[in-house]
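S.K.: Spelled out from the first residue to the last, the chains are:
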Amino acid sequence: MNRTKRYTAGFLILAAAVLLLLYLNLNIGSVKVSPAEILDILVSGDATDTNGSIILSIRMPRMLSALILGGALAVSGFLLQTFFANPIAGPFVLGISSGSKLVLALVMISCMTAGRAISSAAMIGAAFIGALASMLVILLISGRVKKMSVLVICGVMIGYICSAVTDFVVSFADDSNIVNLHNWSMGSFSGMNWSNVRTMAIVGGVTLFLTFLLSKPMSAYQLGDTYAANVGVNLKVFRFELIMLSSILSALVTAFAGPVSFVGIAVPHIMRGIFKTARPHVMIPGCFLGGAAFCLFCDLVARTMFAPTELNLSSVTAVFGAPVVIWTMLKRSGGRR
Amino acid sequence: MDRILYTENLDAGYSGQAVIRNVNIDLHKGEIISLIGPNGSGKSTILKTLCGQLPAVRGNVFLKGKNLADVKEAELAKTMSLLMTGKVDPELMTCMDVISIGRYPYTGLMGKLSEYDRDVIRESMRMANVEDLGDRYFDQISDGQKQRVLLARAICQEPEVLIMDEPTSFLDIKHKLELLQILLKLVKEKNVAVIVSLHEIELAEKIADQVVCIRDGIAEPARSAGDVFVRENICRLFEINEAQYDWLYKGK
Chain A
356 MNRTKRYTAG
366 FLILAAAVLL
376 LLYLNLNIGS
386 VKVSPAEILD
396 ILVSGDATDT
406 NGSIILSIRM
416 PRMLSALILG
426 GALAVSGFLL
436 QTFFANPIAG
446 PFVLGISSGS
456 KLVLALVMIS
466 CMTAGRAISS
476 AAMIGAAFIG
486 ALASMLVILL
496 ISGRVKKMSV
506 LVICGVMIGY
516 ICSAVTDFVV
526 SFADDSNIVN
536 LHNWSMGSFS
546 GMNWSNVRTM
556 AIVGGVTLFL
566 TFLLSKPMSA
576 YQLGDTYAAN
586 VGVNLKVFRF
596 ELIMLSSILS
606 ALVTAFAGPV
616 SFVGIAVPHI
626 MRGIFKTARP
636 HVMIPGCFLG
646 GAAFCLFCDL
656 VARTMFAPTE
666 LNLSSVTAVF
676 GAPVVIWTML
686 KRSGGRR
Chain B
116 MDRILYTENL
126 DAGYSGQAVI
136 RNVNIDLHKG
146 EIISLIGPNG
156 SGKSTILKTL
166 CGQLPAVRGN
176 VFLKGKNLAD
186 VKEAELAKTM
196 SLLMTGKVDP
206 ELMTCMDVIS
216 IGRYPYTGLM
226 GKLSEYDRDV
236 IRESMRMANV
246 EDLGDRYFDQ
256 ISDGQKQRVL
266 LARAICQEPE
276 VLIMDEPTSF
286 LDIKHKLELL
296 QILLKLVKEK
306 NVAVIVSLHE
316 IELAEKIADQ
326 VVCIRDGIAE
336 PARSAGDVFV
346 RENICRLFEI
356 NEAQYDWLYK
366 GK
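Protein sequence lines, in the order shown, are assigned to chains A and B. As numbered in the working numbering, the first sequence has no gaps in its residue numbers, which increase by one up to the final residue, 692. As numbered in the working numbering, the second sequence has no gaps in its residue numbers, which increase by one up to the final residue, 367.
Careful: at least some of the hints might be erroneous.
Computed cross-link-like contacts, DSSO-like style, restricted to lysine-lysine with a CA-CA straight-line distance of at most 27 Å [unchecked claim]:
{"#": "1", "chain 1": "A", "residue 1": "K360", "chain 2": "A", "residue 2": "K631"}
{"#": "2", "chain 1": "A", "residue 1": "K591", "chain 2": "B", "residue 2": "K291"}
{"#": "3", "chain 1": "A", "residue 1": "K591", "chain 2": "B", "residue 2": "K202"}
Where chain A lies over chain B, by a calculated footprint (3+ residues, C-beta under 8 Å) [to be verified]:
{"#": "4", "segment": "177-191"}
{"#": "5", "segment": "222-228"}
{"#": "6", "segment": "345-354"}
If the Cβ cut is set under 7 Å, some of the chain A residues that face chain B in the computed set are [said to hold, decoys possible]:
{"#": "7", "residue": "K571"}
{"#": "8", "residue": "A575"}
{"#": "9", "residue": "Q577"}
{"#": "10", "residue": "T581"}
{"#": "11", "residue": "V586"}
{"#": "12", "residue": "G587"}
{"#": "13", "residue": "N589"}
{"#": "14", "residue": "R627"}
{"#": "15", "residue": "G628"}
Worth flagging that the hints you see were computed from the coordinates, not collected in a lab. Note that the coordinates shown come from a computational prediction; the quantities given were computed from them, not determined experimentally. Even for Gly, the Cβ is constructed at its ideal location relative to N, Cα and C.
Based on the provided sequences and hints, a complete structural model is requested.
M.R.: Written out as structure tokens, the structure reads:
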């Protein structure tokens, strides 16, 4: 019963935080829109005047992107941590985001050079291929070395290599859109439109739903391969599903917002601290809400802290995320909780 | 007696290479077979093959008359459960979380426990003497308690065969005895068949109906405990001399 209370309280707090941040993201900005006016605009759906267009065409899509992508990123991190039984795994540290970034940059530049527009689906596809390529390298390494520190170091190195190649490619691509590309490659939720939001809601929604359906085998997997296989988990199939789902989720984020650091690794830790459980049934929705709140908050900071200059999203998520990781590591090495 | 698990000239090993040959095991309900032999002799390899996690290199394993290779995962999970040496250290899982994994083969898509599942879990916790540990975090209890919790997990899977790989290795003598007494009770009350590899030959002698000695890549035919635990045999099996044996096992 105690646990049920903790879960309820945790979800209520997270939901309240998300709602508050959603409101703040609509309210705060270079143009301040009063609550009454926001309500008015939302109800009427009128985007013809300036404030209406700011709220409905700029802030709403951006805020919803932060919500969906932040949640997806945190869940992706939780899946990777479960998969590798490694608390410092995440799409960014393992180089998966950077793999997506590289392939996506290549595809975008070749499309720009050919003068063709690139569709959302193609962007997600390219990011997914990049994510899988990085994942494959990580899997090859983890098959040889079981040490989690080695795995993480290799992931970070893969990330650097991919980023270096991306920078190289970007520097030599001649196009006026390079500025955009550069912004995107540092992580940002800016410039989202409703069509982007629709795509990410559909892809993210379906993937997250499928992920939630894996809660049961995931809980058995947390007890290790042997016991999971013993209770009837088909390890090969399960591992494949886990890799696919986490890659889709992180690819989705990179496709729209670029590589965003530390959300995937820090948020699951914060959620463990709140819920005090490893149960996927609780952790998956918890991580989604937590990741959403975290990204809504970081995006708010990124665009308002030094307005009109906008900060890189990844810089802000790092400032708030990295200490969480350090704190977790210290707590772990200082004996069991 | 009901024959439940048997092998025919089984060779066990990794990626097609036999590590251990001629495994002939014939296990009946309510019976305990113990595997003994030096470290690295292949006891774990045999056990992994018997539970279907390692394909047989040659020969077959039969579970209730059916070739193990043809038994579906879900069906296997309801028939056979495991307790291994290997330490597991899941984070933030309570003992209750760990034990209820045993109900996995019986629950639905989301793993929700029914009232019956909860009864089975309670009963298993009672048998394994871990009733008061349910809410504790698994990584915060002692090694002896952990092994009993994992045994409760194995019991609530309602197995007909229990496979244990050196379940007592890390435990002190009190917890070794406790675990084996629970095991004997389980065999008696639930008629479970057990295959267990043990380091402690004196304990194997006490609990086993049949003993299989493993040495130099060969599994010897099963014999009764009385036939196995004689000086010449133990000396030969573990490569110790008779003076060492006497020093260890003969009284003052």
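S.K.: All the hints need checking, so say for each whether the structure fits it.
M.R.: Results for each hint:
{"no.": "1", "hint": "K360(A) <-> K631(A)", "verdict": "holds, 12 Å"}
{"no.": "2", "hint": "K591(A) <-> K291(B)", "verdict": "violated, 35 Å"}
{"no.": "3", "hint": "K591(A) <-> K202(B)", "verdict": "holds, 22 Å"}
{"no.": "4", "hint": "177-191", "verdict": "holds (count 3)"}
{"no.": "5", "hint": "222-228", "verdict": "holds (count 4)"}
{"no.": "6", "hint": "345-354", "verdict": "violated (count 0)"}
{"no.": "7", "hint": "K571", "verdict": "holds, 4 Å"}
{"no.": "8", "hint": "A575", "verdict": "holds, 5 Å"}
{"no.": "9", "hint": "Q577", "verdict": "holds, 5 Å"}
{"no.": "10", "hint": "T581", "verdict": "holds, 6 Å"}
{"no.": "11", "hint": "V586", "verdict": "holds, 4 Å"}
{"no.": "12", "hint": "G587", "verdict": "holds, 3 Å"}
{"no.": "13", "hint": "N589", "verdict": "holds, 6 Å"}
{"no.": "14", "hint": "R627", "verdict": "holds, 6 Å"}
{"no.": "15", "hint": "G628", "verdict": "violated, 10 Å"}
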